[in-house]
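S.K.: The residues making up each chain are set out below.
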Amino acid sequence: MNYGIVSQEQLEQIDGVLSEKLIKLGVDCVIIIDMAGNIITAKDNGESKYDVYSFAALAAGNFATVDAMAKLVGEQEFSLLFHKGQESNIHFSKIDDELLLISMFGRDISLGFLRLNVVDVIEKIRVIWGNQ
Amino acid sequence: MSFINLKDKIVQVKIVYYGPGRCGKTTNLEYINRTYRKQIVSEMVSLKTHGDRTLFFDFLPFDMGQIKGYDIKIQLYTVPGQVKYNATRKLVLRGVDGIVFVADAMEKQREKNIRSLNQLHENLQSYKESIFNIPLVMQYNKVDLKEHGIPILPTSILEKDLNSRLKVPYFEASAITGYNVAATLKKIISSSVISIQKKLL
Ligand SMILES: Nc1nc2c(ncn2[C@@H]2O[C@H](COP(=O)(O)OP(=O)(O)OP(=O)(O)O)[C@@H](O)[C@H]2O)c(=O)[nH]1
Ligand SMILES: [Mg+2]
Numbered sequence: 000m001n002y003g004i005v006s007q008e009q010l011e012q013i014d015g016v017l018s019e020k021l022i023k024l025g026v027d028c029v030i031i032i033d034m035a036g037n038i039i040t041a042k043d044n045g046e047s048k049y050d051v052y053s054f055a056a057l058a059a060g061n062f063a064t065v066d067a068m069a070k071l072v073g074e075q076e077f078s079l080l081f082h083k084g085q086e087s088n089i090h091f092s093k094i095d096d097e098l099l100l101i102s103m104f105g106r107d108i109s110l111g112f113l114r115l116n117v118v119d120v121i122e123k124i125r126v127i128w129g130n131q
Numbered sequence: 000m001s002f003i004n005l006k007d008k009i010v011q012v013k014i015v016y017y018g019p020g021r022c023g024k025t026t027n028l029e030y031i032n033r034t035y036r037k038q039i040v041s042e043m044v045s046l047k048t049h050g051d052r053t054l055f056f057d058f059l060p061f062d063m064g065q066i067k068g069y070d071i072k073i074q075l076y077t078v079p080g081q082v083k084y085n086a087t088r089k090l091v092l093r094g095v096d097g098i099v100f101v102a103d104a105m106e107k108q109r110e111k112n113i114r115s116l117n118q119l120h121e122n123l124q125s126y127k128e129s130i131f132n133i134p135l136v137m138q139y140n141k142v143d144l145k146e147h148g149i150p151i152l153p154t155s156i157l158e159k160d161l162n163s164r165l166k167v168p169y170f171e172a173s174a175i176t177g178y179n180v181a182a183t184l185k186k187i188i189s190s191s192v193i194s195i196q197k198k199l200l
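Which chain is which? The protein sequence lines are A and B, in order.
Under numbering that gives the first Met the number 0, the first residue of the first sequence is numbered 0, with each subsequent residue one higher.
Under numbering that gives the first Met the number 0, the first residue of the second sequence is numbered 0, with each subsequent residue one higher.
These aren't lab readings, by the way, just hints derived from the structure by calculation.
The reader is advised that the hints may include incorrect statements.
The following label-pair restraints were derived from C-beta to C-beta distances [as the list claims (entries may be wrong)]:
1) Gly129/A <-> Thr154/B: 33 to 43 Å
2) His120/B <-> Met68/A: 46 to 56 Å
3) Ile9/B <-> Gln85/A: 31 to 41 Å
4) Phe81/A <-> His120/B: 34 to 44 Å
In silico PhoX-like pairs for lysine-lysine, Cα to Cα no more than 20 Å straight-line [what the hints assert, rightly or not]:
5) Lys70/A <-> Lys48/A
6) Lys89/B <-> Lys70/A
7) Lys6/B <-> Lys70/A
8) Lys42/A <-> Lys89/B
9) Lys111/B <-> Lys83/B
10) Lys48/A <-> Lys123/A
11) Lys70/A <-> Lys20/A
12) Lys83/A <-> Lys93/A
13) Lys48/A <-> Lys23/A
14) Lys83/A <-> Lys70/A
15) Lys8/B <-> Lys42/A
16) Lys42/A <-> Lys93/A
Just so it is clear, the structure is predicted and the values come from calculations on it, not from any experiment.
Where a beta carbon is used, it is the ideal one built from N, C-alpha and C, also for glycine.
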């Protein structure tokens, strides 16, 4: 995988998958970041006003911390990382060793339903990334 | 490694301020945050303890404008300097493009600077990066203390201790008054951007 540079075409395809598979279902905001805290792409429903750059830095730190804790207790990784709030929830999913997919969603979507779609999205992204 | 978005023409560059505890890393970012409001799109994020020591990192996104049609977004981070936080220090270094090593010029901190620099070297190795290849700038901070009669290491000693093999650009500075904070920042940004351009060509 050519991490570091993504072509315009690849990004457009990925954005398309995120819109089709997550935003259309009612997910408020989806961000793909790398483990260094860079934003690869961000899509939202047009209403959410998150500061995505700070968010990416914190999310990468959060994920890295949990990952390091997993190693300390002898786990490969904690595969599910999920934060639940009153109005909004955040779900983290690892695409590969370098990339994370983060979804923010409200009360009207269940975690199970979201996870199914995230798995599907990640598979599609891997294919797009592989095709270069 | 920086991330380059060819669709929106954005380059994200990660710069980390590294150095021993209380050397003035956070104070550098605070000064930048106050002085360059126009170029800063969002709030500075500081994960710190009650005593104002950095616990995980400070984060400050900084807009550089355009170079060759690309929007350059600089992401400034600090690491926590306290000895016990090396695990988190390492996490912050992941994917770093350029480093400012902030040394504390106070005489009594001489050993700590050297130990911190050695650990930076080891931490970079764990990411298969080399301190000899990565863009790096030295900052000898707190030179203002000389006026207050506090013993300060001469720059020649700091150069010998920290920079005799690396031979990177260095600045005497005072993060608290702002002296050479911008010069340090400009230097590390230009070194990092040049190094990214080289990788691209
Ligand atoms: N006199 C003087 N004091 C400074 C200077 N820079 C920082 N300080 C002071 O040194 C103390 C520590 O500064 P910080 O910026 O919090 O240090 P740090 O490197 O972020 O420390 P950690 O987060 O623990 O790693 C504060 O009391 C600052 O006001 C300087 O240039 N001159
Ligand atoms: Mg600090």
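S.K.: Indicate, hint by hint, whether the structure satisfies it.
M.R.: Hint by hint, here is what the structure shows:
no. : hint                              : verdict
1   : Gly129/A <-> Thr154/B: 33 to 43 Å : 52 Å, violated
2   : His120/B <-> Met68/A: 46 to 56 Å  : 26 Å, violated
3   : Ile9/B <-> Gln85/A: 31 to 41 Å    : 34 Å, holds
4   : Phe81/A <-> His120/B: 34 to 44 Å  : 37 Å, holds
5   : Lys70/A <-> Lys48/A               : 35 Å, violated
6   : Lys89/B <-> Lys70/A               : 15 Å, holds
7   : Lys6/B <-> Lys70/A                : 36 Å, violated
8   : Lys42/A <-> Lys89/B               : 30 Å, violated
9   : Lys111/B <-> Lys83/B              : 13 Å, holds
10  : Lys48/A <-> Lys123/A              : 27 Å, violated
11  : Lys70/A <-> Lys20/A               : 32 Å, violated
12  : Lys83/A <-> Lys93/A               : 18 Å, holds
13  : Lys48/A <-> Lys23/A               : 18 Å, holds
14  : Lys83/A <-> Lys70/A               : 24 Å, violated
15  : Lys8/B <-> Lys42/A                : 17 Å, holds
16  : Lys42/A <-> Lys93/A               : 17 Å, holds
Taken one by one, the earlier hints fail for this structure at numbers 1, 2, 5, 7, 8, 10, 11 and 14, listed in ascending order.
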